[in-house]
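Working from the sequences, and respecting the hints, build out all of it.
These protein sequence lines map, in sequence, to chains V and X.
Per the numbering used here, the very first residue in the first sequence carries number 50; after that it's consecutive.
Per the numbering used here, the very first residue in the second sequence carries number 153; after that it's consecutive.
It is worth saying that the hints were derived from the structure and are not from the lab.
One or more hints might be untrue.
Claimed, not checked - Some chain V residues close to chain X (C-beta under 7 Å, calculated; not the full set):
1. 123
2. 237
3. 355
4. 358
All residues carry an ideal CB built from backbone N, CA and C; glycine is no exception.
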Amino acid sequence: MYGATVDPIEDIRSDEEKLAEFEARIARGEKIEPGDWMPEEYRRQLIRMISQHAHSEVVGMLPEGAFITRAPNLRRKLILIAKVQDEGGHGQYLYHAAETLGATREEMLEALLSGKAKYSSIFNYPTLSWADMGAIGWLVDGAAILNQTMLAKCSYGPYARAMVRICAEENFHRRQGQDIVITLALGTPEQKAMMQDSINRWWWPTLMMFGPHDTDSPNSAVLIRWGIKTKTNDELRQSFVDQTAPELMALGLTIPDPNLYYDETSGHWHFGEIDWDEFWNVVKGNGPCNAERMATRRQAHEDGLWVREAMAAYAEKDQS
Amino acid sequence: MNPELKQALVDYLLAMADDELILGHRNSEWCGHAPILEEDIAFANIALDEIGHAIVWYELAADVLGEERDTYANRMVYFRDAPDYRNAQMVELPKGDWAFTMLRQYLFDQFEMVRLEKLTQSSYTPLAEAAAKICTEEIYHLRHTQAWVRRLGLGTEESNRRMQTALNELMRYYEQLFSPSLADTLLFEANIVPFQTELMVHTLELIVPFLVEANLIPPRGSNFVGPNDVIYRHEHTEHLNDLLSNLQQVARLDPMAKW
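Here you go:
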């Protein structure tokens with residue numbers, strides 16, 4: 050919580066001067082650190098983004114966690130446990146990064162459990178087959194990596210450093226997903242059909258992960274101005290399609306978008322329009338698994354209450 | 153090694169492997185559901201270690217039989233039915249609450265530490281070497297679970313009550329870990345494994361005072377009851393079938409396919 054401590058030497062400059070200096074530092078590519086002066090809006094946006102990101106990691110443990118016990122061989126099982134464990138670890142770093150801005154873990158958890166804070170909508174879709182472990186690893190983690198690689202260069206030091214570490218691990222996650230997709234796509238006809246069904250279900254929700262069009266993204270402008278984001282939602286989405294579409298097609302898989310084609314003049318893959326009604330519907334809490342994911346998190350929190358009370362009571366006795 | 157002794161060794165290794173696999177499976181069910189995020193991480197790690205140790209024992213059994221390690225391990229895990237599993241009933245019971253889970257893990261870890269230390273003296277060198285390696289990881293499990301037993305035993309009235317309930321339930325099953333089979337006698341005579349009764353005595357010497365210090369009362373004092381209670385390793389509760397139908401679900405969709 051050192052983000053909330055006050056510099057002992059009083060800074061007598063006006064807020065305008067401080068803001069000008071702050072923006073100049075960002076323009077020079079310097080990192081903003083926890084004790085530094087920052088506009089309240091910068092702090093607020095970062096807490097919102099980082100805690101949302103932490104919640105996504107924690108809720109994101111559930112859809113894949115559901116397949117740990119069912120992994121089809123021992124090697125896949127060990128890898129999947131390690132992967133889901135990594136996600137918990139990422140949640141932990143990110144909560145710590147948000148704490149440097151003055152937010153507490155309790156407040157953030159409370160915001161998640163009360164439904165006030167958001168998490169990535171992708172985790173409100175169900176995992177229905179083993180092939181989904183491949184699709185999540187390759188598509189969902191692949192999309193997350195593009196976003197996180199950008200955030201690793203963001204202006205807030207603790208967030209940027211957490212991202213560098215997380216990206217390194219996410220690259221392994223993506224590779225294990227890719228390995229599952231390749232194995233199934235080149236496997237028996239039933240395995241290939243299972244993989245295709247999974248791609249059909251995960252493709253569009255993955256494109257939605259990048260968020261609304263830049264024109265409809267209320268936070269984008271300020272985030273870019275302060276170096277929190279350095280690329281727009283649409284730019285990142287385009288990079289994802291350019292990278293992933295040809296790789297999936299090379300495996301004989303199809304992409305559920307009749308308007309997808311390679312545009313020679315632009316050098317990019319053109320893709321169809323996202324179903325924004327579905328997007329907003331899931332964001333607003335009406336996706337296939339929103340209620341279930343939140344109920345699961347709340348249940349774990351409630352079931353753990355007596356444990357946390359015992360921890361606190363024991364710690365107190367231990368000190369006295 | 154004569155065929156009878158070889159078979160006895162394979163059975164012993166499979167029982168150890170199955171215990172670790174099934175316990176690891178139950179532990180892995182907590183991933184994403186633990187009382188604090190730090191435990192989602194730590195306990196997943198313990199699950200990962202237990203399953204990793206199971207693989208070590210399956211592979212050692214494969215070596216004894218001259219089978220291919222990876223194929224054998226996966227066949228044992230995914231293509232045996234419940235009556236062929238050799239795990240103790242204690243590890244197949246549902247995960248229960250955090251008290252039950254932690255206490256089961258502690259009781260198992262302490263038993264395992266005692267056994268592993270003895271196994272490092274085994275006349276069968278591959279077994280002695282594997283035991284020595286696994287010991288180094290188990291020390292951390294034991295520290296972790298001991299800390300939890302203390303915390304929950306001495307924490308609040310509720311946590312103590314939950315721990316005592318779990319202990320009463322678990323002690324009924326604990327004894328099975330120490331019940332000897334005929335094959336064990338052969339292995340003991342060949343100095344390959346320790347004597348089961350010796351393991352029981354040592355384990356109880358460690359757990360009873362520890363539990364008492366954590367304000368928990370071991371049922372029936374420090375003794376298990378007589379031989380009427382013996383449960384054999386092929387006998388299972390109804391829970392193992394459910395567990396295996398989940399564990400083997402995807403692999404059995406197409407046993408010939410590569411996943």
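A quick look at each hint next to the structure:
{"no.": "1", "hint": "123", "verdict": "holds, 6 Å"}
{"no.": "2", "hint": "237", "verdict": "holds, 5 Å"}
{"no.": "3", "hint": "355", "verdict": "holds, 5 Å"}
{"no.": "4", "hint": "358", "verdict": "holds, 6 Å"}
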